[in-house]
Structure formats: C-alpha cells, structure tokens
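Sequence order for the protein chains is A and B. Using the numbering used here, the letters of the first sequence correspond one by one to residues 1 to 201. Using the numbering used here, the letters of the second sequence correspond one by one to residues 202 to 958.
You can take every hint at face value.
Distance condition first, Cα-Cα at most 25 angstroms in a straight line; then the derived DMTMM-like pairs of lysine to aspartate or glutamate: (1) Lys-201(A) with Asp-294(B); (2) Lys-201(A) with Glu-840(B); (3) Lys-314(B) with Asp-157(A); (4) Lys-148(A) with Asp-487(B); (5) Lys-384(B) with Asp-157(A); (6) Lys-302(B) with Asp-157(A); (7) Lys-201(A) with Glu-906(B); (8) Lys-312(B) with Asp-157(A); (9) Lys-201(A) with Asp-378(B); (10) Lys-302(B) with Asp-165(A); (11) Lys-384(B) with Asp-165(A); (12) Lys-184(A) with Asp-487(B); (13) Lys-486(B) with Asp-179(A).
On the chain A side, residues computed to face chain B include the following (Cβ under 8 angstroms): (14) Gly-61; (15) His-97; (16) Gly-195; (17) Tyr-200.
To be clear, the hints were calculated from the coordinates, so they are not data collected in a lab. In this text, all values refer to a predicted model and were calculated from it rather than measured experimentally. We put the CB at the ideal spot given by N, CA and C, even for glycine.
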Amino acid sequence: MKTVRLVCAAAIAAAFVPAAFANAPAGSAAPAFTLTDLAGKAVKLADFKGKTVVLEWHNFGCPFVQKHYRSGNMQALQKKYGGEVVWLAVNSTNAGHQDYMKPEALTKTLTDFGAAPAKYLMDEPGAVGLAYGAKTTPHMYVIDGTGKVVYNGAIDDNRSANPADVKGAKNYVAVALEDMKAGKPVSTPSTTPYGCTIKYK
Amino acid sequence: MKTTKYAVLGGMGGGAGEELSTPRGPLRGGFPEFYGMSPTRLLPRLAAAAAFLAFAAQAAPVRTERVEAELHAEKAAAVAGKPATVGLRLKHDEHWHTYWKNPGDSGLPTKIKWTLPEGWTAGAFQWPHPERLPFGPLVNYGYSGETMLLAELTPPANAKPGPVTITGDADWLVCSDVCIPEKASLRLEFAVAEGDPAPRSGETARFAKARASVPARTEGWKAESTMAGGLLTVRFVPPEGAVAPGKAFFFPDRESFIEPAAPQSLTRDGGGFRLAVKLAQPELKDIGTVAGVIVTEGAWPDLPGRKAVEIAAPLVASFPAPAAALPVPDAPAPAGSGGSLAAALAFAFLGGILLNLMPCVFPVLGIKVMGFVKHAHGDSRALWMQGVVFSAGVLVSFLVLAGLLLALRAGGAQLGWGFQLQSPAFVTLLAALFFLMALNLFGVFEWGGFAQSMTSNVSAQGRYADAFLAGVLATLVATPCTAPFMGAAVGFTLAQPAAISLAVFAMLGVGMALPVLALSLFPGALKRLPRPGPWMETFKQVMAFPLFATVVWLAWVLGAQAGNDAVMMLLAGLLLLALAAWIYGRWAHSESLLRFVFAGAIAAAGLWLAWPHGALAPGTAQASVPRAGEVPWQAWSPEKLAELRAAGTPVFVDFTAAWCVTCQVNKRVALNREEVVKAFADRGVVPLKADWTNHDPRITAALAELGRNALPVYAFYAPGAAQPKLLPEVLTASIVVDELSRLPAPKQAAVPATPKN
Numbered sequence: 001m002k003t004v005r006l007v008c009a010a011a012i013a014a015a016f017v018p019a020a021f022a023n024a025p026a027g028s029a030a031p032a033f034t035l036t037d038l039a040g041k042a043v044k045l046a047d048f049k050g051k052t053v054v055l056e057w058h059n060f061g062c063p064f065v066q067k068h069y070r071s072g073n074m075q076a077l078q079k080k081y082g083g084e085v086v087w088l089a090v091n092s093t094n095a096g097h098q099d100y101m102k103p104e105a106l107t108k109t110l111t112d113f114g115a116a117p118a119k120y121l122m123d124e125p126g127a128v129g130l131a132y133g134a135k136t137t138p139h140m141y142v143i144d145g146t147g148k149v150v151y152n153g154a155i156d157d158n159r160s161a162n163p164a165d166v167k168g169a170k171n172y173v174a175v176a177l178e179d180m181k182a183g184k185p186v187s188t189p190s191t192t193p194y195g196c197t198i199k200y201k
Numbered sequence: 202m203k204t205t206k207y208a209v210l211g212g213m214g215g216g217a218g219e220e221l222s223t224p225r226g227p228l229r230g231g232f233p234e235f236y237g238m239s240p241t242r243l244l245p246r247l248a249a250a251a252a253f254l255a256f257a258a259q260a261a262p263v264r265t266e267r268v269e270a271e272l273h274a275e276k277a278a279a280v281a282g283k284p285a286t287v288g289l290r291l292k293h294d295e296h297w298h299t300y301w302k303n304p305g306d307s308g309l310p311t312k313i314k315w316t317l318p319e320g321w322t323a324g325a326f327q328w329p330h331p332e333r334l335p336f337g338p339l340v341n342y343g344y345s346g347e348t349m350l351l352a353e354l355t356p357p358a359n360a361k362p363g364p365v366t367i368t369g370d371a372d373w374l375v376c377s378d379v380c381i382p383e384k385a386s387l388r389l390e391f392a393v394a395e396g397d398p399a400p401r402s403g404e405t406a407r408f409a410k411a412r413a414s415v416p417a418r419t420e421g422w423k424a425e426s427t428m429a430g431g432l433l434t435v436r437f438v439p440p441e442g443a444v445a446p447g448k449a450f451f452f453p454d455r456e457s458f459i460e461p462a463a464p465q466s467l468t469r470d471g472g473g474f475r476l477a478v479k480l481a482q483p484e485l486k487d488i489g490t491v492a493g494v495i496v497t498e499g500a501w502p503d504l505p506g507r508k509a510v511e512i513a514a515p516l517v518a519s520f521p522a523p524a525a526a527l528p529v530p531d532a533p534a535p536a537g538s539g540g541s542l543a544a545a546l547a548f549a550f551l552g553g554i555l556l557n558l559m560p561c562v563f564p565v566l567g568i569k570v571m572g573f574v575k576h577a578h579g580d581s582r583a584l585w586m587q588g589v590v591f592s593a594g595v596l597v598s599f600l601v602l603a604g605l606l607l608a609l610r611a612g613g614a615q616l617g618w619g620f621q622l623q624s625p626a627f628v629t630l631l632a633a634l635f636f637l638m639a640l641n642l643f644g645v646f647e648w649g650g651f652a653q654s655m656t657s658n659v660s661a662q663g664r665y666a667d668a669f670l671a672g673v674l675a676t677l678v679a680t681p682c683t684a685p686f687m688g689a690a691v692g693f694t695l696a697q698p699a700a701i702s703l704a705v706f707a708m709l710g711v712g713m714a715l716p717v718l719a720l721s722l723f724p725g726a727l728k729r730l731p732r733p734g735p736w737m738e739t740f741k742q743v744m745a746f747p748l749f750a751t752v753v754w755l756a757w758v759l760g761a762q763a764g765n766d767a768v769m770m771l772l773a774g775l776l777l778l779a780l781a782a783w784i785y786g787r788w789a790h791s792e793s794l795l796r797f798v799f800a801g802a803i804a805a806a807g808l809w810l811a812w813p814h815g816a817l818a819p820g821t822a823q824a825s826v827p828r829a830g831e832v833p834w835q836a837w838s839p840e841k842l843a844e845l846r847a848a849g850t851p852v853f854v855d856f857t858a859a860w861c862v863t864c865q866v867n868k869r870v871a872l873n874r875e876e877v878v879k880a881f882a883d884r885g886v887v888p889l890k891a892d893w894t895n896h897d898p899r900i901t902a903a904l905a906e907l908g909r910n911a912l913p914v915y916a917f918y919a920p921g922a923a924q925p926k927l928l929p930e931v932l933t934a935s936i937v938v939d940e941l942s943r944l945p946a947p948k949q950a951a952v953p954a955t956p957k958n
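With the rest of the complex left out, here is chain A (with noise of 0.2 angstroms):
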C-alpha cells in the first residue's frame, strides 16, 4: 500500500516538470537526444560516444547561416573535420514560421551549396535547441568524446552578416576542434553565439 502512494507521488511529482529553457555551458554534460535525419532515421547522441560531436544549429532563411554557406566557410569546415570529428547540423525552426523548410527541400539546398555535414537532424519541435539553450543561427557547439560540451557559442569572432567579413575572423570551432587534436583543454570554451533567434514555436 506505502509503495502504491509512494509511486503516486513520484508520478505526480514527475509530471511537474515542465519543458523550460536550459542551457548547455561548457563544462557540463550535453543532453542526450533523439532526433530523426533528413531520411526519417532516428540519431541519437549516444550513437556517437568516443567521438568528437560539433552541433550547428542551422536555418537556410537566416542571413548569417548565408553568410557563412555562401562563402563557403561552413562546408570547408565540414569536410576538413568531417573525417574526424562528428558534423551534426540542427534545425529548430518551427513548421509554422515562413524560414521552415521540408526535409526534400533541405537535401536539395544542402546539395546545391555542397555542404557536408554527417547529419542533419530536424528538431521542429525545437525540445532539443530549448535543451541546449541554442539562441542563434549559427550557435556552436563541440561535444568531446566523454560526452561533455567544451564549447558553446559563436562560430567566428566578426559578429557580421556578410559573407566577406569570413576572412581575417578567428574560428572558434576550428581552434577548439585543432585545441583538442592537440591534446590541450579548448583555449576559449565560451562565447556569445551571434546570428538570427532561432524560430522557436
């Protein structure tokens, strides 16, 4: 009888928590997901243990995701990385916002801007952007192969739309991705994420 009151309560009390807007800083755990590709597979996180993970959030409408796909800025680090390291791009843009894009018309446009990324995972109902706290597109993040987050922001230091200002702007992703091939702790594990809001719903 005490067990069935006391799973009761837990239910009850598990049933309190709410979706809410968290945060994945450097240092801390990612969280685990789920999320299906432009196929309708299923990937998870967890598929990926002993592997470097980098998470774009991403969104073809948004001027600064242009920026770095229309100088080819983005797909260069694709395929530099992309033998190493785990390229997964997310969108969190809702279905009901113009910038929302099927999964045909995203194969398509990847296509035609020859990027690379390993997957690209479709997060509509944006559960897992709220997760990590994504702001921005483009909003970084390298995942190291014990599954804690050691970066989380901008993919540049030139806060800019324009495609031109990619040259001379120091990559964050790429000295955490070079930090780490280096054996040594990422040098700047944080910074501010620039670009549009994400659509969230």
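Using the hints, position chain B against chain A.
Showing chain B alone in chain A's frame:
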C-alpha cells in the same frame, strides 16, 4: 507570407551590398531567391538616390527595406573645438526592431563609421535605453518605432568657418520574425560657425526627447552587486525620498551575462531597492563591476522625465542584511487588490477559505467531513488530531507547490500558479486517481488508499496518514480554482523574495484548511448530524458522483490540451482501470497471487494507454469558429495586440484556460451574453483570447507585465491609454458593458469585430 520571404531574402542581396558575389552558378537551382536584386529592392534604392540629390542641402532620409534612416544635427553648425550633437534617427517599420549595444539573446548592435573632415573626432553612441523584445522563449534588447542614437562630433579648435560634409556609414540588423542586415551611407551637410549657432526649430524638441531616453548618469546614487546561487542581485540606493518604481528592469552592458528572458524580481531594501535576475553563466569570474541600465516604468522623482538610470555596481561578496526587506508591489495592481504585504496576506487568507467552495475541491472535502462524522461521536481528541493533520497536509503541500514553483521560476521557467494542470500527463493522472476513488466509494473495491479514512477502522497512524494525504489531494486539485481575491495576491507574491512568497502561500493554506480544522475543533456542530449508520454508505456512494463529474471536467481539459484522440485514449485507459479495480475487488478474499497479477497488469495497461503523448501547439486549441451569440474571439499574440493598439482600436483580452474553472463560469455568465456581444460590436472593441491551457511563455510574460500570475485576468485596452484596465475576476455582464460604454460611440459604423481565421 511567402512573397515577403522572397523580398526579405532579396534584401540580403541588395541591402547588404553587392560585395556578396560569392559562387552563384551551381547554387542557383537550390535557392533562386538569394540572388539578383528584386524590383521591390531596386525601386526604393533608386528613390532614395533621387531623394538624396534633391535635398543635398541638408540631410535626406534614406529608406531601406524596413527602416528609414537619417542623420540629424541639433544646431545648424558646430563651433570650433566644441562638441556638437548629431543623431542617427532610425524609424522602423511596424513589428521590426534594431538592437541596443547588448542585443540580448540574439541580434547585433547598430554601428556607424564616420567620415569626417580633417581633425574632427567622433564620440561613441549615447544609446537610448532599450526595451525588451520577446521572441518565443528568447528576449532581445532593442528599439521599435522611432529612435535616435546620439553622438558628439568635435571639430578641431582651429577649424575654419564654412560648410562641411559629414558622412556616416551605418549598418544595423533589423528583425521581426526574420532578420535583414541593412546598411545606409548617410550624409549630413553641416558647417562650422563663428558665433554660437542658433537652435533649429524642430530639431531642439527632437534632441530633447532623444536625450531624455538616454539613461541618466547620476551622482547621488549608490549601487553594488553580488552573485550567488546562479543569481545576480543589484542593490541600488537612489538619493533621499525615491518613490518605489512600479517595475524595474536591469539591462547589463555585457552580453551573455544574465538570462534576458528570465523574470527579474524587485524588492525594497531600506532606502533602496534590490533587483535579482538569473545569471547566464554562473562561473563568470572576470567581473569587477556590473555595469548597465535600470529602466523603470515611470520617471524617477528626482529625474523628471527620465525612466532610465546608468549604474556601475561594484561586485561585493554579499550585502548587509536588509534594514527592512519590504516588497515593492508589482504594479499595476488594481485598486483594492492589495499592494502591501498585510493586504496580500489577508486576501490570501480569504481566498483560501473560498477555495473550499470550488467545484474541484468540494468532493474531496465532502469525503473528509464524512470521515469526521464517523469519529465525531467518539474520541474528540482523535478528531481534532485528524483536523490538525489534515491542515498540516494542506499547508505542507501549499508550501511544497509554491517552493517548487519558485524554484522552477528561478531556474528561468515561465510558469504560473496552476501550472501543473498545463501538463497533460498530470491531468491524466488526476483523472485516473479520481476515477479510482469514485469506484472505491461505490464499493467496487476496498483499498487502503486515500479514500479509506472514512470507511474503516484502521490504526490511528493509518488514519493520520490518510488525513494528511486528503490535505495534499485537496490542495493539488484546488490550485486551478483561483478564487476571487487570489489573482492579485498570487501575482504580487511571485515577484517577492522567497520568504514573503511562502508566507503568502502558507496563508492561503491556512485559509483553506480553516473550515475543516474548525469542524474538528468544535465537534458540537458535527454532533447535530445523524449518528453513523447505513445513511453513510448512501452518502459515500453519492459522493462518487461529484468525483465522476471532476473526471468529466478533466477529460475535457485534456481534450483542449492534447486533442480528441487523447480523450479517447484516456477513456479507454479508465475502462481498463475499472476492469482492474473490479478484479481486485471481486476476488478480494482470494489468497491467489493471480488477483494481484491480473489487476496490476491491467491497471498498468490502462495507464499506458491513457498516457498522453505531447500537447498541442500553443494556439492550435483556440482556433474555434464562433457561434451566434458568442463573443467572436480572435487569437491573442503580443504582435496582434500591439498592432491593434497602434491602430487605436480598443481591445479586450481574456486570459483564460480550459482548466480555469472561474474562467469558464465567467465565459458563460458574463461574456457570452447578448448585451456583451452587442457592446463589443457596437463599440468596435476587438476581443482577443489568450489561451493558457498549455504552457505558453508569451502569455506568462504578458501576465507578469500586468502584475498577475493566475487566471482569470481580463484586460481592457482603451485607445490611447498607457495601461490596460483590469476588470474583476468575478465578472458580470454589466461590468463589461459599463466598461465598454465609457468609450465614445464610434463615428462611423462600428469596426466589425469578426475573426480572421
């Protein structure tokens, strides 16, 4: 909507300049709208160029896609060696905004690159104070409408009198729900004069207004700050006699420092104030002084016309204990709703007593009172002990619930009182629990759970446990029934420090427990009831019906939250629970383990079936077609409200939820009445419905702005009024009609209040 998208993306190609000439060929297929300049972009630019030539004598506004930008000079000329103030005026299209120096969760500050004559120097922008710009769960800091960023330009001491040309290459990010980087090259034909240049009509007022919006730098103010437990607290002491600001917000200069979307709580501390806000990164170590701007709702008494004050608060380890930590009312509290602690406590007490009469609490209490009847004729000590334990159950669960709410809010969640009913899972569990309790009352099965206290002679200890649980249960189901008086009290209290909030909630619990406690202390009243006998079995069975009625209500709430299918699954799940209960009861005397196995497995299957799978998106539940004789509600959104108010349209907002019983009662008795519907139509008032049935942070934020955190709330925005008028929680048709009839009758035919959807 789609056509705007292309124009917006086209803006990327045009607005950001032609230098974006990166590879085009292979990409064209995927994103044709990126490329080329659409006619919608080209024409304004040509027009702007033409305008430029025509007005070259002064400055001319440059029109970009979403902004009109212009350089202004306060005076006709500068004086050698002395700073002259100029301004970059940005006029945003409706719903579009640009950003403050700290843009908040996203965005970019506006920048300008000056091209000045030899020897001139330019100062940095003097930023007007920002406004909060919520977007989904995020909040940005910036400007909408028209704003002017001031800067000082200083000619060298040896500047020769005569005309000069100033060029400012400004770029900014302008956003609504999409963002466009824009830029403009702005020219100002200026001069150096010998004597003191005359002020220019028109510009003097414009600059005075702009200066008033720049945060004041003050001498007499003291400020300090401390960081602990993930919170930044800024303590500031204005000079003597400062009047409590109704509401204050702290905007830090530094980015990624606080959570822009988190609520900020303002408390009075001796002669000063404390503002507490959630930190974005608790581990920041490189800060010595917290700099930023505090913006209040009204002007500060010693700073006429100024809403914003610049502060630099040195970081200290901790503050001295406050002389008297008095709460600051989270204005605008309506008259009589109690802005002081004593009034809040009193209203909470009254509200707690009234909770006992609410339809969701009554069945639980009925059962409890019946339990008392059983014991009333026996041991009076045992009786009052039961009353005390029940009261403790109520009190403890009020405190736990309030503590949980405060903790979650401190964690940044936008939640309000009654929040647990925003969870379909909780609603489902509650329905299952009530359903089982009702079956138990019918005698389908005997089960030493919540309902046993009134039926069997279990040990004293077991009786106390049940009395306590009855108190817990009563509280859980009571919270959605915000009684009258409680709305203001709960809104007030959540903005206070934890101790005060908890005191108010405890008072609510005391009020709610009081009638039952009184009955247990004075069993004389109970003795007038018949002695225990067969009538009790009848009473017990009768009490099952209000419980079933509550289940019906919860099923309806679930339907509004998660749709028709969820209700179907719930009912199917309840059917399985009934089967499980019947098996459990039918073979109650069986020693066989099979009884538990079957009952348990079927009950588990029932719960699994009923378990809801996610709520509907906010807003989807409210798109209903109005019927004749009903108020033609349109869906509320902050943008929609702003749009209507900007157009001078009177607006009536109903903050409601399916689980808010008072709301439903008001809807029937006060709102869906012929005279009210007619008054809305006659006066051209647009009725908006903000449905909080599911968790919606925008509505939580809007309620917080009104100083509320519980439903119902009725806000009436008269045209031109700065603040909405809040109508009473217990609404009557005549209150609404009276309020609307204060509006002047419209000149032409009433604006039709028909919904768009």
